[in-house]
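Colleague: Residues per chain are reported as follows:
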Amino acid sequence: MRYVIIGNSAAGIGCAEGIRKTDKDGEIILFSKEKQHTYSRPLISYWLEGKTSLEKMKYRPDHFYKKNKIVFRPSTEVVSIDPVGKTVRIQKGESVSYDKLMIASGSKPFLPPMPGIEKVKKRFSFMSLDDAVQLEKQLTPESRVLIVGAGLIGLKCAEGIRSRVGKITVVDLADRVLPSILDEKASAMIRKHLKANGIDLILSDSVASFTAKTAALKSGKEIRFDLLVTAVGVRPNTEQAAQAGLAVKKGIVTDLHMRTSDPSIYAAGDCTESQDVSSGTQRILALLPNAYMQGECAGINMAGGNSVFDKAIPMNSMGLFGLHMVTAGTYEGECYRKKTEDSYKCLYYKENVLKGFILIGDIGAAGIYTSMIREQTPLDSVDFDLLKKNPRLIAFSKDEREQKINTRFYREPVKG
Amino acid sequence: MINYLYPDYEIVRDPSKCIACRVCERQCANEAHSFDEEAGCMVADSSRCVNCHRCVSLCPTRALKIVKSDHTFKQNANWTGDRITEIYKQASTGGVLLSSMGNPNAFPIYFDKILINASQVTNPSIDPLREPMETKTFLGKKTGEIRRDEKGRILPYTEPQIELSVPIMFSAMSYGSISYNAHESLARAAQELGILYNTGEGGLHEDFRQYGANTIVQVASGRFGVYKDYLEAGAAIEIKMGQGAKPGIGGHLPGTKIVGDISKTRMIPEGSDAISPAPHHDIYSIEDLRQLVFSLKEASEYKKPVIVKIAAVHNVAAIASGVARSGADIIAIDGFRGGTGAAPTRIRDNVGIPIELALASVDSRLREEGIRDNVSIVVGGSIRSSADVVKAIALGADAVYIATAALLSLGCHLCRSCQSGKCNWGIATQRPELVKRLNPDIGSQRLVNLVTAWKHEIMEMMGGMGINSIEALKGNRLMLRGIGLNEKELEILGIKHAGE
Amino acid sequence: MLKEGQIRIPSGCAISGIISREGKPINGRDIVESIRVMHDRSNGLGGGFAGYGIYPQYKEHYAFHIFYDTQEAREECERFIDRHFDVINLSKIPTKKIPAITDEPLIWRYFVSPHPTKLADSQLDESEFVARCVFRVNTEIEGAYIFSSGKNMGVFKAVGFPEDVGEFYRLDEYEGYSWTAHGRYPTNTPGWWGGAHPFALLNYSIVHNGEISSYDANRRYMEMFGYRCSLQTDTEVITYIIDYLSRKKGLSLEETANVIAAPFWSTIEKKPEEEKLRLTYLRNKFASLLITGPFSIIVGFEKGLMMLNDRLKLRSAVIGEKDDRVYMASEESAIRAIEPELDKIWAPKGGNPVIVTVNE
Amino acid sequence: MKRVYVNEKWCISCHLCEYNCAFANSGETSMVKALKGVTIRPRIRVEENDRVSFAVACRHCPDPICVKSCITGALSAKDGIISVDSWKCVGCYTCICACPYGAIQPDETRGVVQKCELCTRNSCGEPACVKGCPNGAIVFEEREKKQ
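Chains as they are written, first to last, in the working numbering: chain A, 1 to 416; chain B, 1001 to 1500; chain C, 2001 to 2360; chain D, 3001 to 3147.
One or more hints might be untrue.
Stated by the list, open to error - Simulated pairs of lysine-lysine, BS3-like, Cα-Cα distance not exceeding 27 Å:
1) Lys398(A) / Lys1264(B)
2) Lys3009(D) / Lys1257(B)
3) Lys3009(D) / Lys389(A)
4) Lys2271(C) / Lys1136(B)
5) Lys1303(B) / Lys2249(C)
6) Lys398(A) / Lys3009(D)
7) Lys3078(D) / Lys1065(B)
8) Lys2313(C) / Lys1141(B)
9) Lys1136(B) / Lys2276(C)
10) Lys398(A) / Lys3078(D)
11) Lys1151(B) / Lys2313(C)
12) Lys1303(B) / Lys2313(C)
13) Lys137(A) / Lys195(A)
14) Lys1136(B) / Lys2313(C)
15) Lys1303(B) / Lys2271(C)
16) Lys56(A) / Lys3078(D)
Simulated from the structure, these hints should not be mistaken for laboratory data.
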């Protein structure tokens, strides 16, 4: 049995670990476009900030490939897939056959057309360690940095370099920061916090055109900068999958076993669509935990096991300049809100289940909420008034508590 | 109104050790401890302290101790502080003083004035680790002629018996006076130990029927929870005529405690007072007792031994003689130091006689009358150690009852505040948050440990005497010597003085 | 110093016994020679013998052997005996003056039968009547002590080493089908003749080596049934127990052994159900008659001997056989001394009675 | 394998487990020195209301979502014990967002997370919460066979 894995991040690694849970000996070949040992992509901003090192960023220990008997092929990009011949073709014209294939090709930065951008020499995206290394080389205490995009990537980048540059300006077309994960009030709170930490934010605006060191905004403002970071968004890497004739919508389409439309080909991670339990929709959930769990699920199935991943939900945890926020699920239905000077809580619930939440500041035990979303715990089976105040197991029924803390391990309630 | 009382005890906190974890505060049902937010430290109100040591025991840094207050009245050998304080209390309330557990006063403790023999030279001591050492005991009548079948073989028919692995039983404590968990601890320990516990006059909770083979069901003057199934549920039936802590006094469990399972188990309506009359109103004399004994035997088809429990009072020997002829299988005698959940202080402290003297005179009397085999004798009322057990058996007892010692092993610190219902150790309380403090897994294990430890010690002492079976110790008064006792005391105890 | 009856005196001892299963006569000399070997097991403060089948001519009559301290005691006692019995024969017991035995009391022997009217008036069976009379003499008549009261048997005892006691009583002039002997090593006694062993009541006689730890439990129990343990010795109470269980309760000697040296509960537990119930019954019913502490005893009874050790076998006891004779002794040497060529010799297990009876 | 189980029936809400945990992981030899005057940050927490109380710490799930969610690989499961490598941890708190028991806490002083590691990384030898529980409400026992 030969397994071929495309991708060396969370989904690819998860897949390899999933395979090894079931099949200790099958051949695994793992192709990575990048040259590095597997590393954690979200850590690049921490690296810039000096909170981690290249060594610490390794997602798995040095002996990982060896221990798991994985043939690791770094700097090797898979250019095409032949689902009929069950082979993949790599850059140098070499073909490698597979019995089961995992596509964990991730995503790439999305750059909308911006006139004059080609004139900007010091221009970076912020997706990979290479991006970060390139950026790092240009940082000076005097640097004026323009970041286009006030989403997760843009803001983490801002935090990562804040202490190392002179000025940071973030521009976003949206009227608030982190629009994909925060509601208005939360955004406002973060915005205030960013401002307090020296980040200039220009919202509801966008770059009309660039010169080498200036950006003219639609509003007419002009921003002078030394370095440009574009973090407008990402797009899944689906080209090879599409060429191979696999079903692809926004991302590669899979079933709950992470199998694509070709029974020998699986896909996981940022390049796929998931069934979001909280919203009930198919969407791209470009999140590391999600990628790992999809990959692991796929790996188990590829090796002949039986695993279903039907618990996908959006889930984010991040800190910005010491202020932590965790969010999960979708924001629909009724809302319970509580705001204090330095914290914010918002719970969304609908049709007897918790749909989503936003916590800023006090994030302790947030996973209890997350699990309620994931498990679709009926709110009438818990003391929701208590839960609104604090995420606590005591709000669950006696039987449920007993299950959670006094049995061998928690068995998920049987639904239906 | 002036409060004349100064706290008996003072809570002493070592501020250098206190980490303000507030365990003391959470554990004190009397609310003696609190956290002073402003000062940022723990404070204590000694006037609320009953000296139960719950806080002391749970304080993780050992920052607490309770000391006797040195606040004092002017010295007076006659009007002691206790007497004066009692007068203040009564002058303020107009009520009978209530207290609990056993008589705490400085009367002679005869067990402590009796010494045990050991073998030297002429007779070898026996090592219980190497040789069999038997503590198994049967309780019940040993009368009846030997009968044989036509081939001359003995027909091994005996009156109903109780078999004990060690001659120790847990004395009567009702469900109500002590908690569900305390009862469960006793029942489970009795089962594991191969001994018996006693329901007391509170009926038998459904959950504990499974321990029937190790249960004595009690029939007392209130007849709470008594019906045919109850009588048949245990291994023996005890008629409680009296109790050492309060001879001549009945019982009163206030209606506030008659809730839920307690009401159900006692078979009386919730909220009604459970009043046990001072006498059984169907027993005004010995012949009435005989009728009750046989009523119970009839009801239980003569399968269960009937115990008659009496308090040790002045003419205990004559009473016991009457009981021994009443059809009862076992007499339980309760000494004046026996414990209780609540008794009038004056009764507890002034009525009854020591169990050692009662036992010696009853055993001698029954032997003089040639009726010692009619009954087994069980004694209680402050058996405090394995040495007390050995001495009691050598004086003539078949087995002992322990209750205070059992409660101590469950955590009781003899604060003697049972009547308040706020037992911090989860024993003498029905408050759920306090009851749960006594985990029967732990409680039963501690009881098992205690009795096992005593058993080992009994075996050591027996081995020292060259006795390897407990029946050879029973009534073996030559193994005892008195110390510091006068002729009369020695005569009653039937022992010689040390050195004789 | 206090003597037996006023204080309990522990003692170590030597015991020996011989029986002919054929009922053939054995000269008293043999038992004297046997006990002589174990000289060091006694200290000269007591020795004695019991012979069975020694009075064939008076075998229907109770033979009372009595010590008198004074003539007054003898007169008072004889008046008592006259009132309760028909006296067939009376005499001093023949003795031989030897230097080793001194301070002898008056030693008399009476062959008697209960007075028929007295017996009928008492509403007691004959043996009980005789036993009660013996107790009365021994407790109520100062200076008189009946130390042997069986039929066709007799106890001979004195203060001294047993071999000297045998010579003193001229035992070579007696023949019987069984004999027991005792050499005493009391730790504290002025030496009172009555305190020597064997101890006997009616036909039961006991020689005993050991010190029982259950003494007071046994004694206080026995006293409930009218046995007054006036001597406070183990042998006395064991004799009474055997008398009580065998004569009054009708237990066989095996059953008696199951009571006084009852098997351990752990042993009983392993027995077949019926046996378990029987042993449990006996042990429980007569719990206060379990004898603990070291003992080896030889019980003499009509037509038999029983040897029994305590359950832990804390005292030595061996049994030898040669033809129809069975020998029982504290030490093998005491058997070899009179029968060097044995067919068989063994040590009985603790608690297991060895009962030898004369073939009928 | 042996696991920590909590039986709320016997929890007496004394909170000693929290203090014993904080002490065990303090590295100090005296509880007074370790805990006096500090706000404790135990890895076990007692939840309570006026009727019920119980302690919650990491269940060391066989299929741990926290480990799967960890973005750095700092959380790992070995021999059934889930532990955190604070050298690798960057304090993103994704695990806190994922743990269904709320059993992982921020260690704000170090900017990482902390969790129960069954006292395998301190000198306690056995879980301090279990050892110090006065009522057997927290036990450390083998139950796998029973299931």
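Colleague: For every hint, state whether the structure bears it out.
Modeller: For each hint, the structure was consulted:
1. Distance check on the hinted pair: Lys398(A) and Lys1264(B) sit about 25 Å apart at the alpha-carbon level, within 27 Å; holds.
2. Between Lys3009(D) and Lys1257(B), the direct Cα distance comes to roughly 22 Å. Compliance with the 27 Å bound is thereby established for this hinted pair.
3. A distance of roughly 24 Å separates the Cα atoms of Lys3009(D) and Lys389(A); the hinted pair therefore holds under the 27 Å criterion.
4. A C-alpha spacing of about 17 Å is found between Lys2271(C) and Lys1136(B), which places the hinted pair at or below 27 Å, so the restraint holds.
5. With a C-alpha separation of about 26 Å, the suggested pairing of Lys1303(B) with Lys2249(C) holds against the 27 Å cut-off.
6. Proximity of Lys398(A) to Lys3009(D) is assessed by CA-CA distance (about 10 Å); at most 27 Å being required, the pair is judged to hold.
7. For the hint pairing Lys3078(D) with Lys1065(B), the CA-to-CA distance comes to about 44 Å; that exceeds 27 Å, so the pair is violated.
8. A distance of roughly 31 Å separates the Cα atoms of Lys2313(C) and Lys1141(B); the hinted pair therefore is violated under the 27 Å criterion.
9. Taken as a hint, the Lys1136(B) and Lys2276(C) pair is honoured in the structure, with Cα atoms around 15 Å apart against an allowance of 27 Å.
10. For the hint pairing Lys398(A) with Lys3078(D), the CA-to-CA distance comes to about 31 Å; that exceeds 27 Å, so the pair is violated.
11. Among the hinted pairs, Lys1151(B) with Lys2313(C) is inconsistent with the structure: their alpha-carbon atoms are about 32 Å apart, more than 27 Å.
12. In summary, the hint linking Lys1303(B) to Lys2313(C) is not supported, as the alpha carbons are separated by about 39 Å, beyond the 27 Å threshold.
13. With a C-alpha separation of about 26 Å, the suggested pair Lys137(A) and Lys195(A) falls inside the 27 Å cut-off, and the hint holds.
14. A threshold of 27 Å between alpha carbons decides the hint, and for Lys1136(B) with Lys2313(C) the separation of about 21 Å falls inside it, so the pair holds.
15. For the hint pairing Lys1303(B) with Lys2271(C), the CA-to-CA distance comes to about 25 Å; that is within 27 Å, so the pair holds.
16. At most 27 Å may separate the alpha-carbon atoms for a hinted pair to count; Lys56(A) and Lys3078(D) meet this at roughly 19 Å.
Hints 7, 8, 10, 11, 12 from the list above are not met by this structure, while the remaining hints are.
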